[in-house]
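Engineer: Numbering that gives the first Met the number 0 numbers the first residue of the sequence shown as 0 and each following residue consecutively.
Keep in mind that the hints were calculated from the coordinates and are not lab data.
Even for Gly, the Cβ is constructed at its ideal location relative to N, Cα and C.
There's no promise every hint is true.
[As the list claims (entries may be wrong)] The following label-pair restraints were derived from C-beta to C-beta distances: (1) Tyr121 <-> Thr151: 51 to 61 Å; (2) Thr156 <-> Arg280: 19 to 29 Å; (3) Ala154 <-> Glu257: 23 to 33 Å; (4) Gly303 <-> Ala187: 47 to 57 Å; (5) Arg207 <-> Gln106: 34 to 44 Å.
[Stated by the list, open to error] DSBU-like, lysine-lysine: derived pairs with alpha carbons at most 30 Å apart: (6) Lys130 <-> Lys65; (7) Lys65 <-> Lys206; (8) Lys130 <-> Lys296; (9) Lys198 <-> Lys254; (10) Lys51 <-> Lys65; (11) Lys65 <-> Lys240; (12) Lys198 <-> Lys240; (13) Lys51 <-> Lys130; (14) Lys198 <-> Lys296; (15) Lys206 <-> Lys51; (16) Lys198 <-> Lys130; (17) Lys240 <-> Lys206; (18) Lys51 <-> Lys198; (19) Lys296 <-> Lys240; (20) Lys254 <-> Lys206; (21) Lys65 <-> Lys198.
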Amino acid sequence: MSNTVCVLDTLATVWYTDQLRLMEAAAYKRITPALVARDVFPVDAAQNPYAKSISFMTFDETGEAKVLADGALDAPMGDLSASETEYPVVFIGAGFDQSNWDIIAAQKLGVDLNARQVNNTYDRINRLINKLIFHGDAARGVIGLENDSSVTTTAATHGGWISGDSADYILADLNVQYARHQDNCLGAHPVTDILLPVKEYTYLSTKRSSAYSDRTLLQYLVECLPFIAAPANIHAVPEMKNFVSTDEYCVMYNKTPECMQAKIPQEIFFLPPEVHGFGQRVLAGARCGGLHIHFPKSVDMMSGI
Numbered sequence: 000m001s002n003t004v005c006v007l008d009t010l011a012t013v014w015y016t017d018q019l020r021l022m023e024a025a026a027y028k029r030i031t032p033a034l035v036a037r038d039v040f041p042v043d044a045a046q047n048p049y050a051k052s053i054s055f056m057t058f059d060e061t062g063e064a065k066v067l068a069d070g071a072l073d074a075p076m077g078d079l080s081a082s083e084t085e086y087p088v089v090f091i092g093a094g095f096d097q098s099n100w101d102i103i104a105a106q107k108l109g110v111d112l113n114a115r116q117v118n119n120t121y122d123r124i125n126r127l128i129n130k131l132i133f134h135g136d137a138a139r140g141v142i143g144l145e146n147d148s149s150v151t152t153t154a155a156t157h158g159g160w161i162s163g164d165s166a167d168y169i170l171a172d173l174n175v176q177y178a179r180h181q182d183n184c185l186g187a188h189p190v191t192d193i194l195l196p197v198k199e200y201t202y203l204s205t206k207r208s209s210a211y212s213d214r215t216l217l218q219y220l221v222e223c224l225p226f227i228a229a230p231a232n233i234h235a236v237p238e239m240k241n242f243v244s245t246d247e248y249c250v251m252y253n254k255t256p257e258c259m260q261a262k263i264p265q266e267i268f269f270l271p272p273e274v275h276g277f278g279q280r281v282l283a284g285a286r287c288g289g290l291h292i293h294f295p296k297s298v299d300m301m302s303g304i
């Protein structure tokens with residue numbers, strides 16, 4: 000009996016190998032960091048969706064009262080001074096193409112290709128909105144948290160929280176920042192929320208406040224300091240990592256629409272599909288004006304943590 004050797008050519012080898020491969024029914028989407036700008040800042044979407052700029056007025060009081068003699072015929076006059084601040088609104092666009100062959104192949108495979116591409120386009124636009132709110136766009140005049148020059152930024156006294164600083168040093172940095180914020184705004188805009196990088200937030204939530212306590216630093220902040228109402232008011236924010244260059248920041252602020260608003264006058268929208276070559280094209284857009292901080296002293300940023 001002779002042994003027969005079967006030699007597969009390239010095409011047969013590919014076919015044979017493919018029979019040994021099992022394709023899972025589930026498809027997996029790559030996980031990306033959460034986009035939290037809409038959660039940590041008040042959002043204003045009530046503006047004219049087609050406005051090219053958004054402005055607001057800031058009023059200040061002038062004049063003082065004085066002690067007058069009985070029967071005085073006149074009194075010091077006061078007045079109001081007003082200043083206007085204007086920010087541009089930029090248009091954001093994205094889209095996707097589908098060839099007829101892509102559509103047919105997706106139908107044969109039972110894959111909802113359209114939904115995946117819609118979600119991808121939505122995520123791309125939302126990422127840019129998130130970036131504009133946190134970082135702005137200096138070239139286009141869009142102001143965000145990072146590039147608002149009117150906001151106070153001070154280096155941490157100790158810093159390097161994770162590199163070995165004791166709990167006392169970390170709490171000292173936070174207390175100094177809070178005191179500075181309250182002093183700058185004279186208590187008019189008390190701190191309600193804190194933004195931290197994810198790493199520092201995790202560190203505070205696991206490091207004990209002292210060798211003699213079972214409370215973590217995060218629990219200490221919530222329980223013992225007057226400016227935080229609940230753990231949910233301390234936010235782990237991916238954008239705080241390398242917020243400016245390679246520096247990481249802690250931001251204390253008053254989270255009220257009176258003090259600040261993220262401007263999204265036109266939320267994400269999709270146009271109907273249109274024929275494009277041997278397929279179709281879908282376009283989407285939105286409009287964003289960045290982050291408008293009406294009272295800069297309601298925000299304090301600490302670098303070098």
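Engineer: Within 51 to 61 Å or not, the Cβ separation of Tyr121 and Thr151?
Structural biologist: violated (35 Å)
Engineer: For the pair supplied as a hint, Lys130 and Lys296, confirm whether the alpha-carbon distance does not exceed 30 Å.
Structural biologist: The given pair, whose Cα atoms are some 22 Å apart, holds under the 30 Å limit.
Engineer: So if I understand the rule, the pair passes when the alpha-carbon distance is 30 Å or less; does Lys65 with Lys198 pass?
Structural biologist: Violated. Lys65 to Lys198 sits at ~54 Å, over the 30 Å cutoff.
Engineer: Should the hint that Ala154 and Glu257 are 23 to 33 Å apart at their CB atoms be regarded as holding?
Structural biologist: Once the Cβ atoms are compared, 29 Å apart, the range 23 to 33 Å for Glu257 and Ala154 holds.
Engineer: Can the restraint linking Lys254 and Lys206 be considered satisfied, given a maximum Cα separation of 30 Å?
Structural biologist: holds (27 Å)
Engineer: Do the Cβ positions of Arg207 and Gln106 conform to the proposed distance bound of 34 to 44 Å?
Structural biologist: Taking Cβ atoms as reference, Arg207 and Gln106 lie about 57 Å apart, which means the hint is violated.
Engineer: Between the alpha carbons of Lys51 and Lys130, is the straight-line distance 30 Å or under?
Structural biologist: holds (19 Å)
Engineer: For the pair we were handed, Lys240 and Lys206, check the Cα-Cα distance against 30 Å.
Structural biologist: holds (19 Å)
Engineer: CA of Lys198 to CA of Lys254, is that 30 Å or under?
Structural biologist: Roughly 23 Å separates the two Cα atoms, so the pair holds.
Engineer: Keeping to a limit of 30 Å between CA atoms, is the pair of Lys65 and Lys206 held or broken?
Structural biologist: Roughly 54 Å separates the two Cα atoms, so the pair is violated.
Engineer: Are the Cα atoms of Lys198 and Lys296 separated by 30 Å or less?
Structural biologist: holds (27 Å)
Engineer: Cβ-Cβ distance between Gly303 and Ala187: within 47 to 57 Å?
Structural biologist: violated (27 Å)
When held up to the earlier numbered hints, the structure conflicts with 1, 2, 4, 5, 6, 7, 10, 11, 15, 18 and 21 and fits the remainder.
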